[in-house]
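Asker: Single-letter residue listing:
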Amino acid sequence: MGREKSKQDVIMLSVVQISLAALFIIFCRYNSHYEIGKYTMFQDVHVMIFVGFGFLMTFLRRYGYSAVGFNFLLGSIIVEWSCVCLGFYNMSDDYKILISIESLYQADIASAAVLISMGAVLGQTSYMQLIIMGIIEIAVYSGNAYLGLQVYKAVDAGGSIFVHTFGAYFGLAVSFVLNKKKTGSVQESNLEESTYTSDLFAMIGTIFLWLYWPSFNAVDLSGDDQHRAVINTYLALASSCVTSFLMSQILTDDHKFDMVHIQNSTLAGGVAVGTCANLMIQPYGALLVGIAAGALSVYGYVKITPIIEEYTGIHDTCGVHNLHGMPGVLAGLFGALMAGIASESLYNESLYEIYPALSSPTSQADTEFTQTGPGLGRTAGEQAGFQILALVTTMAIAVVTGLITGGILTLKGISSPLTKNNKFDDLIYWTLPNDIEKNTKITKLPENQAYDMTTVTK
Amino acid sequence: MGREKSKQDVIMLSVVQISLAALFIIFCRYNSHYEIGKYTMFQDVHVMIFVGFGFLMTFLRRYGYSAVGFNFLLGSIIVEWSCVCLGFYNMSDDYKILISIESLYQADIASAAVLISMGAVLGQTSYMQLIIMGIIEIAVYSGNAYLGLQVYKAVDAGGSIFVHTFGAYFGLAVSFVLNKKKTGSVQESNLEESTYTSDLFAMIGTIFLWLYWPSFNAVDLSGDDQHRAVINTYLALASSCVTSFLMSQILTDDHKFDMVHIQNSTLAGGVAVGTCANLMIQPYGALLVGIAAGALSVYGYVKITPIIEEYTGIHDTCGVHNLHGMPGVLAGLFGALMAGIASESLYNESLYEIYPALSSPTSQADTEFTQTGPGLGRTAGEQAGFQILALVTTMAIAVVTGLITGGILTLKGISSPLTKNNKFDDLIYWTLPNDIEKNTKITKLPENQAYDMTTVTK
Amino acid sequence: MGREKSKQDVIMLSVVQISLAALFIIFCRYNSHYEIGKYTMFQDVHVMIFVGFGFLMTFLRRYGYSAVGFNFLLGSIIVEWSCVCLGFYNMSDDYKILISIESLYQADIASAAVLISMGAVLGQTSYMQLIIMGIIEIAVYSGNAYLGLQVYKAVDAGGSIFVHTFGAYFGLAVSFVLNKKKTGSVQESNLEESTYTSDLFAMIGTIFLWLYWPSFNAVDLSGDDQHRAVINTYLALASSCVTSFLMSQILTDDHKFDMVHIQNSTLAGGVAVGTCANLMIQPYGALLVGIAAGALSVYGYVKITPIIEEYTGIHDTCGVHNLHGMPGVLAGLFGALMAGIASESLYNESLYEIYPALSSPTSQADTEFTQTGPGLGRTAGEQAGFQILALVTTMAIAVVTGLITGGILTLKGISSPLTKNNKFDDLIYWTLPNDIEKNTKITKLPENQAYDMTTVTK
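If you read the protein sequences in the order shown, they are chains A, B and C.
Residue numbers for the first sequence follow the working numbering, beginning at 1 and rising by one.
Residue numbers for the second sequence follow the working numbering, beginning at 1 and rising by one.
Residue numbers for the third sequence follow the working numbering, beginning at 1 and rising by one.
Just so you know, these hints were derived from the structure itself, not from any lab.
Treat the hints with care, since some could be wrong.
The list treats identical chains as interchangeable, and a pair is accepted whether it falls inside one copy or across any two copies.
What the hints assert, rightly or not - In silico SDA-like links for lysine to any residue, alpha-carbon gap of 20 Å or less:
hint: 1; residue 1: K38; residue 2: L221
hint: 2; residue 1: K38; residue 2: S222
hint: 3; residue 1: K180; residue 2: L288
hint: 4; residue 1: K412; residue 2: I11
hint: 5; residue 1: K96; residue 2: S32
hint: 6; residue 1: K303; residue 2: R29
hint: 7; residue 1: K303; residue 2: N31
With the sequences and hints as input, model every part of the structure.
Answerer: Here is the structure:
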C-alpha cells in the first residue's frame, strides 16, 4: 500500500470519528426512559452483529483478518452513526437525540443492513470504500425505514424488508458498479476459496446467528407478540436448516453437502419469517416458511447466482441475494398476505396494536372493538397494499442509492479500487504472520492436484 | 457416494420434514400461557446444544464438518420432533399441543440426549442412521421421562437421569450393535485423531457447555430452587475442572495433560450435580460432587473405556460413558441419598414442592406443614427407592431400546453402514476444499515421525 | 517434565483443591437473599472470563492449549478461592460466608485480575507458578478492594482501578522478577509468534470480551446507574475500536493493521470508561474516553512496551500494560475528575447513592437534599482526593506484592521456572497431536523467508 494512500485513509478515518464525536457532543444525551428488560435480547443481537456476521465472512482462505476485522471496524462506526441518523427522526423538543438501550439495539439492527451489503462486495473493496458505503447506506436506511414504518405504517417486526432486503439489494447494486469499472475480472482470483479451517471458523458465525435470531426478530416487541416471534423464528430456522441440507444434497453435482449452503441457507428461515414473526401464522406456518426459504436459498446459490453474475456482472461474494435478498422478498410478500387476511376474529383487540393504521373494524361494523384508536381507517386489503408498497419502495430505493454509492466509491481520489491481483487478500491491509507465504501466489491447478507455490513479484 | 444411495437419503429426509410439518399442522398451536422470563436461560441452553455439542465433537482431524454440521441438522430435526413427542403427554382438551417458550427449551434439553448418543457413535454412522436413531430415541425418551417424572414422581432437576444417563447408555447400546456387524474394525482407522487446530475448535464447545450448564440445570426451576441450582452447578463445574486437570496429570503415561480429559471430564461436575442441583446439598456438597465426578470421568477415559472396548467391542468415540454415563449414574445415586435424608427441618414447606409425592411429615406427626397437599404419602426412604427405580428403569430402557435401534440401523435397505475405509471422514458426505488432499490417505508412522502421504485409490 | 516434578505438581494441586473444599465446608452456606435478575449479566461476565480471556491468549503458535486450558484451570481455582476471600470481609453473625449469585459474579470479576496478570507472564511460567500467583493475588486483591471501597469509599463501578490496574501492575511486577532470575532471555524464543489460525482464535476472545463488557461494568449496579453504564461502555468500546484501527495504521512501519492492536487496544475503551461507567459523563464523554484509550493503548504497544522491556527487563507477553494498565490509570484519573465536579445539580438525590461518603451539599448550604444520609461529610474535592488515593494505593500495593510474589515463585523447591528452551511451548505440559512436529524446533530466518525445520534434541 502506497504511503500516500495510507495517509489519505488515516485522514479520512480521523475525520469520520471526529465528526461522529462532534455530532454526539451537539445532539446526544441520556434518555431517562428505557426498558432494562430489553438488555438480554439486545446482547443477543450484539453477538449476531459482531460474532455472527464477523465470523460468517471468515470463510475465505486469506481474507479472515479482513472479514472479522473490517466487520468489527465497520460495525463500530455504523453503530455510532446509526445512533445519530435514527435519532434525527425522533428528536426531543430541544433538538436532542435521547440515547437509551433501545437506541443501542436499533443501531445494531441498522448495522446489520450495512454488513449484509459488505457481504455482497466482500474482498472487492478497500476498507475505506466499505466505510464510505456504510455511512451513505445508513443515511438512506434511516430515511427508508421512516418512510415505511411511520409514513406507510407498514409492519415488519424482524426487519426483513427494511434491513435484509434493503441491505442485500443495496450491496448488489454497489457490486454491480464496482464490477463494471476497470477493476479486473473478479472470478479469476485464486484466493476466492475456503480452507477446511476457514470453513469451520465461518460455522461459528453461522451457528451464533442461527441461535440468537429469535432475539433479532423479537427484541422490539412485547407480550404475546414477542412470544410468538420467538416461537416462529425458532421453528422457521429449524426447518430451513433441515431443508438446506436436503436441497444441498439434491442440487450439488455429486450429491454431497456444500458448506456454502450450510453456512448461509440454514439462516434463510430467520429472514423469511421476519416480517410476520409476531403474527398468528401458527407454528406450522413458521415451519412452512422455513422450508420454502431454505429451498429457495440453496436453489439461488446453485442456479440463480451464476445467472446473475453472467448477465449483470454482479459478483456476490457471500451470496447475500440468496440469504437476505430473495428470502427478504419472500418475507415481504408473506407479510402482505398475512395483512390481507388479518381480522379481529384472529387477533382480538391486539389487531390495532399490531397494525396501527387499521382503526375501523375490517369486516363487520358493529364490533365491540370499534373505538380502539385513531388509526387511518384502513381495511386489511389496503394494509396489504401498503406492505407491498413498502417492499417495492425499499427495493427501488436500495438499488438506486446503491448504484449512486457504487459510483461514488469508484470516483478517482475518493478511494482506490482494488486491482485484480489484490482482491480477497488480507496482505494489502494487514501485517500477516510468518506462516503465510507473503511472496508467493497460489495458483490453481487442474482438479484434484495439490497447490503449487510459485514466487511472484508483488 | 452412490447415486442410488443419495437418492434414498433425499427421499427419507424429505419424508421426515414433511411428516413433521404435517404433525404440526394437525396438532400444534400457540400456548397463551408462558413465562418470557425463561428466555435468558433458554438461550443459554440453545447455545449449549448447537455451539456446545457441535464444536465439542469437532476434535477429529477430518470430521469437523460432519460434527458441527450433523449436530446442526440432527438438532434441528429433533427439536421439531421433540415438540410433538413431549406434547403428546400433555395435550389440551381438544387434542392440541400448545407451544410456548417452555416447549422450546424442553425440546432443546431432549435433543441433548440424542446428541450424547451421537457422541458415542461419532464417525461410525451415515447421517441418515443418526436421524433414524434420533427419531426413535426421542419417542423412547419422552415415554421414559413421563414414566420417571409423572408416574414414579422421581426428581431430576438437571436431567442427569433422563437426559444424560439415558442418552449415554442408549448410544453405547447402538454402538455395540454397529460394531458387532461387519463394518470393519474401527480402531484401525488412522483418521480417528485430532490436530492442534481441531482440538482448539473443540475447546469452544467445551467452554460454552461449561459456562451455560447452570442454565441447563436451572431453567425449569424457580425461586430458591433455581438459585441453588445455579450456585451448585457453578461450583461443581469449577471443582470438576480442577480435578480433571489433576487426574489427567496423574493417570496419563508421561504425566502431561490430555486434551480429551480437559475437553470432557471438566464438564462431568455439571452432570453429576444435575439431579440434586436444586437441593440443599450446600456449596461444599456441590464442590465434593464435582471432585468425585471429575476424578471418575478421567479414570473412565484412561482405565474403563479400553476395558469396555476390549470386552464388548463398543467403540465410544467421544467417551460419553465417561462424561454422561458414569457421572449420570453418580447423580442418580446421589439424588437417591438426598431424597432419603430430605426432611421438613431441612426444606420447610418447600419440601412438598420439591418432592410432590411426599405429603405427610417425614419424621414427626404433629408438624405445622402436615396439611400441605395431596401427594402420595411417601416417606423419604420410599422416595429414595423411587429415585433408584427411575435410574435403573432408565438404564434398562436405554440399553434395550438402544440395542433394538442398533439392529434397525443395520437392516439392509434402511441404511448403508460405513465401511472401514470411510469412517471418521467428511469426504463421504461433504464437498471438501482444495487444501484437503482428497486422493491421499494418511498413514500413521512409528512414534515421533511425521506423516507420510501416500496416494491411494478410493 | 521430570517424574519428580510432576509428582510435586500433583501433590500441590491436590492440596489446593482439598483446602478449598475444607474452607467451603467450614464457612460457606447458601444466602437466602439474592437477585436472580443479575443472572443475565453474570453469565455475560462468565463468558468474558472463560471464553474472552481464554481465547484472547491463544494467539501464540504453540501455546494455545496452555492459554485456553490454564485460563480454564486457573479461573476455576480462583472463583472458588474468591468466594472465600471476598466473603471473609462480609461474614454473617455466625461467621459464615453466604453464597449468592452476587458471590458468583464477584468471584468472576476477581478472577479477571488474576487472568490479566497471567497475560503479563503468559508462556513464561509453569502452571503451578500461575496457581500460586493467583492464590496470593486474590488474597491481596480482596484486601485492597476492601480498603478502597469500604475504607476510602472510592467509587469504581467497572473495577478499572481494583481489577484492571491492580491485575496489570501485579503481573508486571511478577514478570520483572521472573525475568531478573536466570530463566534465560525471553526475547530470543522463536515460539513467541502467532499464526494465521491462532490470530483468528484470539479474535474469538476479543469479540466476546468487547460484546459483553457493558455487563462487566454494569452488573453490580441498578436503575439509571446501570442504564448509563451500559450506554457508556458500549460507546467507549465502539470509539476505541475505531481509534485502534486508526492508530495501528498510523504507527506501524508499513502502515498496515497489526492484529495485536486489533485484538487488544479495541478493548481499552471498556477499561478506561470503567470507573466512570455509571456517571453523568454523557454519551459524548464515553466516546471521547474511548478515543483516548484506544490511541493510548496502540501507542503503548508500539512505543512504550519496547522501552519498558529494554530498561526494566519486564517481558509483557500480552501487553497488559497497554490494555489494562495505562487505560486503568486513565480511568482512575477520569474518575477523580468526575468526582471533583460532581454536584447535586447534576445528579439530584442520587448523588449520595453514587458517592456514599458525601453527605452535606457540595456547593450550596440550603439544598433540599441536605439530610439525605449519614455519609462522611466529604466535599466533591475531597472525594476526588480519595479517588486518587485509591488509585495510587492500588498501584503501590500491586507492585510491592507482585514483587514479593515473583520472589516466592522463583524460590527453589516451590516451583521450577522454565528454561529458555521451553517457554511459550505447550509441549512441556500437554500431550500434543501428531500434526505437531515434536522433535523439531522452529528457527526464525531472515525476513520474508519461509521457516526451516531443523531437528533438535530436547
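Asker: State the violated hints by number, sorted upward, taking the hints as numbered earlier in the document.
Answerer: Violated hints (numbers, rising): 3, 6, 7; every other hint is consistent with the structure.
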